[in-house]
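Chemist: Now for the letters of each chain:
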Amino acid sequence: MSDIKPVRRRASESVEHRTNDERTQSQYQPYKDAAWGFINHWYPALFSEELPEGAVEGIQICGVPIVLRRVDGKIYALKDQCVHRGVRMSAKPMCFNKKTISCWYHGFTFNLDDGKLSTIVANPNDRLIGNTGVTTYPVEEVAGMVFVFVRQDDFPDEDIPPLSHDLPFRFPENSEKFPHPLWPSAPSILDNDAIALGIHRTGQSNWRIACENGFDNAHILVHKDNTIVHALDWVLPLGILPVHEEPIAIVEDEDGPKGLMQWLFTDRWQPVLENEQLGLKIDNLKGRFYRTSVVLPGCLMVENWPEEHVVQYEWYVPITDDMYEYWEVMVRICKSDEDRSKFKYRFDRVYTPLCLHGFNDCDLYAREAMEEFYTDGTGWDDEQLVATDVSPISWRKVASRWNRGIAKPGRGVTNSTKTSSIRMRRLAEGKAPGYFVEKINDVNKF
Amino acid sequence: MSDIKPVRRRASESVEHRTNDERTQSQYQPYKDAAWGFINHWYPALFSEELPEGAVEGIQICGVPIVLRRVDGKIYALKDQCVHRGVRMSAKPMCFNKKTISCWYHGFTFNLDDGKLSTIVANPNDRLIGNTGVTTYPVEEVAGMVFVFVRQDDFPDEDIPPLSHDLPFRFPENSEKFPHPLWPSAPSILDNDAIALGIHRTGQSNWRIACENGFDNAHILVHKDNTIVHALDWVLPLGILPVHEEPIAIVEDEDGPKGLMQWLFTDRWQPVLENEQLGLKIDNLKGRFYRTSVVLPGCLMVENWPEEHVVQYEWYVPITDDMYEYWEVMVRICKSDEDRSKFKYRFDRVYTPLCLHGFNDCDLYAREAMEEFYTDGTGWDDEQLVATDVSPISWRKVASRWNRGIAKPGRGVTNSTKTSSIRMRRLAEGKAPGYFVEKINDVNKF
Amino acid sequence: MSDIKPVRRRASESVEHRTNDERTQSQYQPYKDAAWGFINHWYPALFSEELPEGAVEGIQICGVPIVLRRVDGKIYALKDQCVHRGVRMSAKPMCFNKKTISCWYHGFTFNLDDGKLSTIVANPNDRLIGNTGVTTYPVEEVAGMVFVFVRQDDFPDEDIPPLSHDLPFRFPENSEKFPHPLWPSAPSILDNDAIALGIHRTGQSNWRIACENGFDNAHILVHKDNTIVHALDWVLPLGILPVHEEPIAIVEDEDGPKGLMQWLFTDRWQPVLENEQLGLKIDNLKGRFYRTSVVLPGCLMVENWPEEHVVQYEWYVPITDDMYEYWEVMVRICKSDEDRSKFKYRFDRVYTPLCLHGFNDCDLYAREAMEEFYTDGTGWDDEQLVATDVSPISWRKVASRWNRGIAKPGRGVTNSTKTSSIRMRRLAEGKAPGYFVEKINDVNKF
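Residue numbers (numbering that gives the first Met the number 0), protein chains in the order written: chain D, 0 to 445; chain F, 0 to 445; chain H, 0 to 445.
Next comes chain D alone, as it looks inside the complex (with noise of 0.2 Å):
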């Protein structure tokens, strides 16, 4: 072997031009621990019209299971494992009376309201009755969409924040701190007659790197090719680098949300318009303006996009270690039933295909793209990242600092084992792993 060092090599001899040192890696730790989601957030759940009147649906979050009934107009949340034999009570709902849910194997009967076990069906004195229980979550439901607070089964209900600290920084309120003269102030979903449209589906992938795609400013390439960039005759840059030594405002108060703002469109970001030794030129710039945000437990928000008087949110909630549940999630105030239709009219025939599909499908195979050389902990020490990383880095050093708790591996709930022969049987029969609960419905055929 000659002592000559060959010019080929890997992370270790880089680490020195790295973005993400070893000390800066340091300041995020809790961030790559928490494969399996951040614990005690609201999250969204459903959408409202997912759960009508009387329905119950089991979806995971965070792995924990959790079954949702509407009753009365109100939505429960419990853990969807029953105390007895830890079957999904949601896989086939049964529902005496409006105060309870039951499980459909042996009868164990909860209180919707505290949780409790309150009788058993053919087992009415036993004395586990009023001695155990399942967790309940609170629950909020805003402009159309059903929010959850996943929690550990020992966090206090007298400690759950309100759902707007878990929800984007609002408008006109920020604007002081976060001004932003070329577009009207963003709505908030929990402004007075906002309206929420969307989607949401399973991406194969872990959240964090789903979540990192998101906000990220300099993956432009990505969606050079996009047909609302063309349609609209968009002109993009190459990028945009961080010029300023604070390009990114982190935002940690007290009483409110905890993440990051960006200053994009601003002199702290510089779009990029050439690259000399490629022979890129970007000529007559044109694009849309517009601000990416992102607050615990990993939150989006894109102002001002995909039109004026529009936000666009998305959520990437964590289903297990390597599925997240991708929301989309357009909002706009509508007073009127007429401003209404107009907005779910312009969603179905301009955003939804353009937009929620299109522009952000490209996101989610880029997620996906990433997914191998996460799962086993490789990237997190491997990844080279750069000066327009500051963004991930931002967010997974505040998202260290700022969350309630770090979710543990699910066990003995749905997908925690990912090789079980029940997974395996659904992988053959064409089905990948979801979000949702598999319904028992065919077996009462006969």
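These aren't lab readings, by the way, just hints derived from the structure by calculation. In this text the structure is predicted, and so the values were computed from the model without any measurement. Ideal placement from N, C-alpha and C gives every residue a C-beta, glycine not left out. Mixed in with the good hints, there may be bad ones.
Claimed, not checked - Label pairs and their calculated CB-CB ranges: (1) F:281 to D:440: 47 to 57 Å; (2) H:198 to F:54: 29 to 39 Å; (3) H:97 to D:273: 18 to 28 Å.
Start from chain D and add chains F and H according to the hints.
Modeler: What follows is chains F and H alone, placed relative to chain D:
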């Protein structure tokens, strides 16, 4: 954080109220260890008609690959893993005479009767010949079913128990011990003129949770919507409760099957007709009297079901730690061809659609619904059992005391490496893991 | 328990009779460790026609992701994992000029010739530029095949051996050493005017058991029903047996390929015409004379097969520890267009259906039939080899001595995490794990 104790909680706090407290659990530790089943027991392998004269089939029980061949009516069973390169001989049967089976790959030829390597097709003088071999498994064929004694490689021939030790209690010889004034004596598969009709299929869950479902007295809810219930105008109770200090008889006679007999439809169990809290009340109870018992290694008997003079047997045969072969068999004494025809007709037209499917399908899905909870061990530790669970708890204890061996986790056999590439390919082809060997049947098309 | 020794048994007792006893096994431990293949060797990557001018393809060998691009006829190969976020560049090829390949996600741009990070599309002054890069792999293109030297990241350029060191022995230069009076000298892929025609496909088993099947002299049984055998009225022996003290020549010349040559169809191997015990007797033996040899890193040569003047090469290229790319290639010297046309015609009409499929399909399935036995290590310890297995044992030893490195288990690369969610989704879509990168080809439909 407040110091008020939350109302939500799981197992840890309610252990004291569980029927399966720590002391109880320690009494069935061997059962908890038996994920791959109990070895050195008799198991059903095939229906007689599945192995016609000359046929060769490969199956797997307790992680042991087994090949069966019928010659001049007699069935032989050998370990289905060539000592040379480990392929399954059953994948491409090759037999040069009536006394041997040869491996299709290199011609290693084993005696059917003692498993010895008796020659190698193209290497008839190798020193390995006569000095190695594959384990043989005793076979019994009764009433249209083929049973195999699945044993460890070093289990001696002279210690093999009779098949009857691993089959249900018989009548009338046990009628005094277990009186049943409500119905005629149940026939046994070992009786003269007994006919066994049934089906078998793969369930994607562990054999233990499958078995426990079989004699579970508390899951009537699962069956309340079944067609057979409504077609026959049955009015089921909400459930039945043990009200006697010995609701279940443990049977552990030295010379016979080991298991338990439940005193259903006696004064030891009481139907539950009302759940006041839920406003449920049953009037005019009208059902079928039956009785369930279970013996090692996991054979259920339902007497007087689905009709008089018929008995239903079920087996939950471990394939791996997360798959079992579900056997549903009806037995009746048929002394004439006409009897046999009538039984077969009723089996095809009534029992198969309404009982084996229909009714039992509900159980199959219930067992699979428990799989995720139990597969990583969570369920065995966290389940909160109640008074009606005296049945599974009794079974776990008696099975822990009397099994003849705990099967070791499969190595080097079909489905033992959960993620093997060959398994993945089968999933992509739409084939879920199953009981039978996949035959190499199209390789000679050119 | 009785103290009579059972007749059944497995490896432990028969170790003394095995050809691969403990001492023998210790001589090929490196081979047993090489589940992911031998690294720092030349492997076939693509047929030339699979990479036309301008094309980009991604593959994986020994757990190393590799992207190939052809520019002005010349082929470049680089590690196909962007240093930034680890995505495979080949999934969505993006090249701005003839000297580089850029990552489609964030525009990281690498020199084709030395792998250095030469610019970032929108970040042309980052300090990482020039200070990191991806490993490059030497490429040779001969006779219609593209070979890549798959190396560890720190393997020095100056130590790269010539391609001929990893290709079969050549003739006539070895004719004296290995005489073959029965047929004309086999052509080499390195000869002038050599044409290589063939196919490659993914086999779902480990590369070693695939390779050992290739030169296995004892598996004639597998082929006895093949159409080519019967169409040509061959009468095959039952097998062939080594009868000389050196039935195989080990080749380990300093300056050339390392491997073994089998003295088939000489007095060192004897056809077996009878197995008295099984009543098998071959009359009028009539077959094809051929000879097999194998060299590191796993390249088979079958001389004089399937016809005179043709030679068949096979490679078993490790993709992961449970997948290999199976290469079946026929080589012939074609000095004119007419020669080439005739060879191609015969290849399409005869060799492909009857040899590459047909005959070789039987081998492909045989290799997969061994996978479950070997994948968890059972086979490597428990297999009971015999005299005819002098071939694989010799190969294991020579491979253990002369390989240039044992590939480490893949991390962060395609198919390394066996249960990754993205892999599961592909299975649900009916796609088995394979050799090529799945292109992101429909994300821009909107």
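Chemist: Determine for every hint whether it applies to the structure shown.
Modeler: Hints and how they fare:
1. At roughly 26 Å, the beta-carbon separation of residue 281 of chain F and residue 440 of chain D lies outside the given 47 to 57 Å, and the hint is violated.
2. The supplied range of 29 to 39 Å is met by residue 198 of chain H and residue 54 of chain F, whose beta-carbon atoms lie about 36 Å from each other.
3. Distance hint check: the CB atoms of residue 97 of chain H and residue 273 of chain D are about 20 Å apart, consistent with the given range 18 to 28 Å.
Violation of the numbered hints given earlier is confined to hint 1; every other hint is satisfied by the structure.
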